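Protein sequence lines correspond, in order, to chains A and B. Using our numbering, read the first sequence as starting at 57 and increasing by one per residue. Using our numbering, read the second sequence as starting at 70 and increasing by one per residue.
If you're looking for bench data, these hints aren't it; they were derived computationally from the structure. Errors might be hidden in some of the hints.
What the hints assert, rightly or not - Partial pick of chain A residues on the chain B-facing surface, computed with a CB cut under 7 Å:
id : residue
1  : Gly72
2  : Gly98
3  : Leu101
4  : Thr133
5  : Gly157
6  : Gly159
From a predicted model like this one, the values you see are computed outputs, not experimental measurements. A virtual CB, placed ideally from N, CA and C, is assigned to each residue, including glycine.
The residues making up each chain are set out below.
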Amino acid sequence: TQLLEQSPQFLSIQEGENLTVYCNSSSVFSSLQWYRQEPGEGPVLLVTVVTGGEVKKLKRLTFQFGDARKDSSLHITAAQPGDTGLYLCAGAGHGNKLVFGAGTILRVKS
Amino acid sequence: NAGVTQTPKFQVLKTGQSMTLQCAQDMNHEYMSWYRQDPGMGLRLIHYSVGAGITDQGEVPNGYNVSRSTTEDFPLRLLSAAPSQTSVYFCASSYSRLSYTFGSGTRLTVV
Numbered sequence: 057t058q059l060l061e062q063s064p065q066f067l068s069i070q071e072g073e074n075l076t077v078y079c080n081s082s083s084v085f086s087s088l089q090w091y092r093q094e095p096g097e098g099p100v101l102l103v104t105v106v107t108g109g110e111v112k113k114l115k116r117l118t119f120q121f122g123d124a125r126k127d128s129s130l131h132i133t134a135a136q137p138g139d140t141g142l143y144l145c146a147g148a149g150h151g152n153k154l155v156f157g158a159g160t161i162l163r164v165k166s
Numbered sequence: 070n071a072g073v074t075q076t077p078k079f080q081v082l083k084t085g086q087s088m089t090l091q092c093a094q095d096m097n098h099e100y101m102s103w104y105r106q107d108p109g110m111g112l113r114l115i116h117y118s119v120g121a122g123i124t125d126q127g128e129v130p131n132g133y134n135v136s137r138s139t140t141e142d143f144p145l146r147l148l149s150a151a152p153s154q155t156s157v158y159f160c161a162s163s164y165s166r167l168s169y170t171f172g173s174g175t176r177l178t179v180v
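For reference, chain A alone in the conformation it holds in the complex (with noise of 0.2 Å):
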């Protein structure tokens, strides 16, 4: 079974402070993406890195993939409070299942 551990479970930050989220695994994936989800509404798509070291930007956030494809990292600089919400990383691996990690809650205070 492919695991991917996300760390850390929960983040609160003052608005304007940076953000760095984990993705590890000790598996190798085809594909890493990146959900932001809110209450009651289902995971949206952020980004999929997809090569080795790769290196993705969306406004304020900063995706990599590690070089071996098992690790991925997302960084938010000068969080706002619109960042509040849960993250998910997720890994596409063998056949054609996408395994999620558990989560980062974000919450940004102004």
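Starting from the structure of chain A, add chain B where the hints point.
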């Protein structure tokens, strides 16, 4: 486009009852899947389908059945509900498996 539509949004069942959670997508995606989300455990794959007539088990399939008679629909059946099946259920579809579109979920309580 409506995307992925799940019904009902909320449901309360008694132990032993059966029910079907509906999922429909209008994006002509071949790949569809069902997940359950429990606190602190992320989303866990129940069943998935790579096209009409083809289904397979995910990580936690026990107590659930699926069928895929059309590209658009992928219903999830609970055969005999148990309190352990209290959860939020999400249906998702994908064209390339590089991105998934999720429904807004069904919150199920089994008493």
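Now for the hints, and whether the structure bears them out:
1. With a cut of 7 Å, the hint placing Gly72(A) at the interface with chain B is violated, because the nearest CB-to-CB distance is about 29 Å.
2. Of the supplied interface hints, the one on Gly98(A) holds, with its beta-carbon coming within about 3 Å of a beta-carbon of chain B, less than 7 Å.
3. For Leu101(A), the suggested interface contact is upheld, since its CB lies about 5 Å from the closest CB of chain B, less than 7 Å.
4. Given the 7 Å rule on beta carbons, the hint for Thr133(A) is violated: about 24 Å separates it from the nearest Cβ of chain B.
5. The interface hint given for Gly157(A) is met, as the beta carbon of that residue sits about 6 Å from the closest beta carbon of chain B, less than 7 Å.
6. Checking Gly159(A) against chain B by beta carbon gives a least distance of about 5 Å; that is within 7 Å, so the hint holds.
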